[in-house]
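J.: Okay, here's what each chain looks like letter by letter:
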Amino acid sequence: MELKNRLLRMMAAAIVEGDKETAEVLARKALAEKLDLHEVIDKGYLPGIQKVGELWEKGEYFLPELITSAECMKAAMAVLRPSLEASHANSLSRGKIVIGTIEGDIHDIGKNLVASMLSANGFEVMDLGADVKLTRFIDKAQETQAEIICLSALLTTTMLNQGRLIELLKERGLRERFKVLVGGAPVTRKWAADIGADGYGENAPSAVKLALEISPKRGQL
Amino acid sequence: MIRAKRPKVELLSRTFVEKIIGEALLLLERQGVFVENAEARALFKLAGMSVDETHFRVLIRQKLIEESLASTPSAFKIYDRSGKKAFTIGRDHVHFDPGSAAVKILDHTTRQERRPETGDLIRLSRLTEACEHIHFQSTALVSGDVPENIADSYRLFLSLQFSSKPIVTGTFRTTGFRPMFEMLAAVRGGSDELRRKPLAIFDACPSPPLKWSNLTAQSLIDCARAGIPSELISMGLTGATSPVTIAGTLVQHVAENLAGLAICQLAGKGVPVIFGGSPASFDMRKGTTPMGAIETMMIDMSYAQIGKHLGLPTHAYMGLSDAKINDSQSGLETSMGAVLAALAGINVVSGAGMVDFESAQSLEKILIDNEICGMAYRLIEGVAQRDEPLALSLFEKLGPESQFLTMPHTRKWYRIEHMLTSLADRDTYDAWAAQGAKSMADRAHERIDQILGGTAPNLLSYDLQKELRRIMLDDAVINGSGSLPEIRF
Chain F
1 MELKNRLLRM MAAAIVEGDK ETAEVLARKA LAEKLDLHEV IDKGYLPGIQ
51 KVGELWEKGE YFLPELITSA ECMKAAMAVL RPSLEASHAN SLSRGKIVIG
101 TIEGDIHDIG KNLVASMLSA NGFEVMDLGA DVKLTRFIDK AQETQAEIIC
151 LSALLTTTML NQGRLIELLK ERGLRERFKV LVGGAPVTRK WAADIGADGY
201 GENAPSAVKL ALEISPKRGQ L
Chain Y
1 MIRAKRPKVE LLSRTFVEKI IGEALLLLER QGVFVENAEA RALFKLAGMS
51 VDETHFRVLI RQKLIEESLA STPSAFKIYD RSGKKAFTIG RDHVHFDPGS
101 AAVKILDHTT RQERRPETGD LIRLSRLTEA CEHIHFQSTA LVSGDVPENI
151 ADSYRLFLSL QFSSKPIVTG TFRTTGFRPM FEMLAAVRGG SDELRRKPLA
201 IFDACPSPPL KWSNLTAQSL IDCARAGIPS ELISMGLTGA TSPVTIAGTL
251 VQHVAENLAG LAICQLAGKG VPVIFGGSPA SFDMRKGTTP MGAIETMMID
301 MSYAQIGKHL GLPTHAYMGL SDAKINDSQS GLETSMGAVL AALAGINVVS
351 GAGMVDFESA QSLEKILIDN EICGMAYRLI EGVAQRDEPL ALSLFEKLGP
401 ESQFLTMPHT RKWYRIEHML TSLADRDTYD AWAAQGAKSM ADRAHERIDQ
451 ILGGTAPNLL SYDLQKELRR IMLDDAVING SGSLPEIRF
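Quick note, the sequences are listed as chains F and Y, same order. Count the first sequence with the working numbering and you get residues 1 to 221, in order. Count the second sequence with the working numbering and you get residues 1 to 489, in order.
Hints were generated in silico from the structure; no laboratory data involved. Owing to the predicted nature of the structure, the values given are computational and were not obtained by experimental measurement. Incorrect hints may appear among the rest.
Derived pair list, reagent style DSS-like, types lysine-lysine, alpha-carbon separation capped at 27 Å [what the hints assert, rightly or not]:
| hint | chain 1 | residue 1 | chain 2 | residue 2 |
| --- | --- | --- | --- | --- |
| 1 | F | Lys58 | Y | Lys286 |
| 2 | F | Lys96 | F | Lys20 |
| 3 | Y | Lys466 | F | Lys51 |
| 4 | Y | Lys397 | Y | Lys412 |
| 5 | F | Lys96 | F | Lys43 |
| 6 | F | Lys51 | F | Lys96 |
| 7 | F | Lys74 | F | Lys29 |
| 8 | Y | Lys211 | Y | Lys63 |
| 9 | Y | Lys324 | F | Lys58 |
| 10 | F | Lys74 | Y | Lys397 |
| 11 | F | Lys140 | F | Lys209 |
| 12 | Y | Lys8 | Y | Lys19 |
| 13 | Y | Lys85 | Y | Lys211 |
| 14 | Y | Lys269 | Y | Lys197 |
| 15 | F | Lys190 | F | Lys58 |
| 16 | Y | Lys269 | F | Lys133 |
| 17 | F | Lys58 | F | Lys133 |
| 18 | F | Lys190 | Y | Lys324 |
| 19 | F | Lys190 | Y | Lys286 |
| 20 | F | Lys20 | Y | Lys286 |
| 21 | Y | Lys466 | Y | Lys84 |
| 22 | F | Lys58 | F | Lys34 |
| 23 | Y | Lys45 | Y | Lys269 |
| 24 | Y | Lys45 | F | Lys209 |
| 25 | F | Lys51 | F | Lys34 |
| 26 | F | Lys43 | F | Lys29 |
| 27 | F | Lys190 | F | Lys96 |
Isolated chain F, as found in the complex (with noise of 0.2 Å):
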């Protein structure tokens, strides 16, 4: 009990530091001692880069640090993931997310950051890179079964196409069926709204909260 305890705070300190090699020493440790893996992640990463989060807020934390863990956690998810999927795979995601940057664009800093950050709070991301066709994240997001798609944009004219993936999926009759997230420099709240999606993230973390908000599953975890 006290190690396990002392384990989980080490994972988290571990993730805000931005230890990777601690993070993955940290997780094989908890595989050996056979520690509940939800309780793991939980109690014990998921803090740690919760706060990374908070710190940013602070403006403590810049994009080095934030990137940097969120890399850490997906390190040491990669070493938990080969027991989890061997137990209750899907019960530990928070929900499926299609992301990319749209057709047209090839910038994509800004979109791997938001990817990272999901990814490191527990959410499933599936990215598709940079200039993605706008079919491409429909049949994904179908072929997955996502319940998310975020669309990166960085050129006000490729922004443009934000718009017309909304339209495409009301064409397909598929608009109820995913919830349609925006970003990218020239992107606005306002922007968001007239295009009908479901939400505007103005940097990772705040992607994060919002994914977190409109996802059907949230905080079952």
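Take the given structure of chain F and dock chain Y to it, following the hints.
T.: Below, chain Y alone, put in the same frame as chain F:
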């Protein structure tokens, strides 16, 4: 007479310059660059470089870089539309041009950005024509009222018609070069004449880190073959797409540019190439690319110094702002950039008119920046000896009641020694208040109408207008649109 000393600022010691170049050369030899364009890879292969056709990686040996540097002119001339007025690009000559390819325009009245259209491009081109201190024009706005697949050639189509100044431009698609070249050749009176008297510079941006995309390498090759100068716009973002330290970013910058230079010289030996860039000190909070950051300007000044050391003409994106309106930030970042660029002796300085990083143009700001550029020019003219003796003879004539205002000496020199501003406010408080207590941006806004209403546009001949229209329409039809927006001015 003692001639004016040209004020100059250099940030790097010679040892540091050589160290950065040394690492860049090693980087090209060991790590190499990714070259997406098959033709460019073939050129490298032909030159005996090691080319990995699976991963598109090309290792570039120092010898090729040395040969490329040797065959690139250290200075060249670019000519205006008439072919009569020449501008030297090289040595410490400084030429300002509006920041290129903005996708938005700042509307002064609403204080909001909107999509630019044909009329905005025409107005911007005409205003640039009227700006004394902005020597070149650029295809500064992307017109939103034509399809994207002809947006590159359409900008040039309008710019060529409404301003006589040399043009900084670039392609958005691999097939964009052909119609753009045809327009330039038509205006110049043939491709040979265009080669002899360049009218435009084409920007080409490598993708950091160390990658030349298919589109940009194609632009280098097409330009080199036509004898058109290319401007290499390496654009690392510190800590995101390039090393976080300024010196580390410079190594990557130099390597990317030298790889581009090699492509140019392999495709067209002797073609002018400008060692340029648009790097930025990446903002670790916002994930943005501040062009007004002092560190961005330090990177610019440093690589320009390195470019000069290599004997190349230089370029930088300076004299622009990240502000969203024409406010204090906009003035401070633009002035700092324009002055530092001039002090660094950078040959082509792109940025005038730009706000919101590199995404928006402001007509008001073009006029404000014209005045900033004028001040920068005045600064680098330095202080000259005008008379011998300097002042003694003036004091001989000076009685207890006299002053200098009425002296012929004053009248002779005041306009030469001092620049007269027209937008900066130098009124007394009361005079300023009586004129409506306006900001500089407000005054610039009023000036736009005076310029556009008061002067006839400097148009191309009717025959050339017709010819450009034919080329543009052909390009539009091939790309699926049968008509073009109406041109009004």
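J.: For each hint, tell me whether it holds in the structure or not.
T.: These are the hints, each one checked on the structure:
Among the hinted pairs, Lys58 of chain F with Lys286 of chain Y is consistent with the structure: their alpha-carbon atoms are about 14 Å apart, no more than 27 Å. Taking the CA atoms of Lys96 of chain F and Lys20 of chain F, the gap is about 25 Å. The hint holds against a cut of 27 Å. A threshold of 27 Å between alpha carbons decides the hint, and for Lys466 of chain Y with Lys51 of chain F the separation of about 65 Å lies outside it, so the pair is violated. Taken as a hint, the Lys397 of chain Y and Lys412 of chain Y pair is honoured in the structure, with Cα atoms around 16 Å apart against an allowance of 27 Å.
Under the criterion of a C-alpha separation no larger than 27 Å, the hint pairing Lys96 of chain F with Lys43 of chain F is consistent with the structure, at around 21 Å. Simply put, Lys51 of chain F and Lys96 of chain F have alpha-carbon atoms about 23 Å apart, close enough for the 27 Å limit, and the pair holds. With a CA separation close to 16 Å, the supplied pair Lys74 of chain F and Lys29 of chain F stays within the 27 Å bound. The hinted pair formed by Lys211 of chain Y and Lys63 of chain Y meets the criterion: a straight-line CA distance of about 20 Å does not exceed 27 Å.
A C-alpha spacing of about 25 Å is found between Lys324 of chain Y and Lys58 of chain F, which places the hinted pair at or below 27 Å, so the restraint holds. Pair hint Lys74 of chain F plus Lys397 of chain Y does not hold up; C-alpha atoms about 84 Å apart against a cutoff of 27 Å. Straight-line distance between C-alpha atoms of Lys140 of chain F and Lys209 of chain F comes to about 23 Å, which keeps the hinted pair within the 27 Å bound. Pair hint Lys8 of chain Y plus Lys19 of chain Y holds up; C-alpha atoms about 22 Å apart against a cutoff of 27 Å.
Our distance criterion of 27 Å between C-alpha atoms is broken by Lys85 of chain Y and Lys211 of chain Y, whose separation comes to about 37 Å. The suggested pairing of Lys269 of chain Y with Lys197 of chain Y holds, with an alpha-carbon distance near 17 Å, which does not exceed 27 Å. Straight-line distance between C-alpha atoms of Lys190 of chain F and Lys58 of chain F comes to about 26 Å, which keeps the hinted pair within the 27 Å bound. For the proposed pair Lys269 of chain Y and Lys133 of chain F, the alpha carbon gap of about 40 Å is over 27 Å, so the pair is violated.
A distance of roughly 37 Å separates the Cα atoms of Lys58 of chain F and Lys133 of chain F; the hinted pair therefore is violated under the 27 Å criterion. Among the hinted pairs, Lys190 of chain F with Lys324 of chain Y is consistent with the structure: their alpha-carbon atoms are about 17 Å apart, no more than 27 Å. Restraint check for Lys190 of chain F and Lys286 of chain Y: satisfied, since their Cα atoms lie roughly 20 Å apart, inside the 27 Å limit. For the hint linking Lys20 of chain F to Lys286 of chain Y, the alpha-carbon distance of about 24 Å falls within 27 Å, and the restraint holds.
Straight-line distance between C-alpha atoms of Lys466 of chain Y and Lys84 of chain Y comes to about 22 Å, which keeps the hinted pair within the 27 Å bound. With a CA separation close to 36 Å, the supplied pair Lys58 of chain F and Lys34 of chain F exceeds the 27 Å bound. A C-alpha spacing of about 16 Å is found between Lys45 of chain Y and Lys269 of chain Y, which places the hinted pair at or below 27 Å, so the restraint holds. Restraint check for Lys45 of chain Y and Lys209 of chain F: the C-alpha separation of about 51 Å exceeds 27 Å, so the hint is violated.
For the hint linking Lys51 of chain F to Lys34 of chain F, the alpha-carbon distance of about 26 Å falls within 27 Å, and the restraint holds. With a CA separation close to 15 Å, the supplied pair Lys43 of chain F and Lys29 of chain F stays within the 27 Å bound. With a C-alpha separation of about 26 Å, the suggested pair Lys190 of chain F and Lys96 of chain F falls inside the 27 Å cut-off, and the hint holds.
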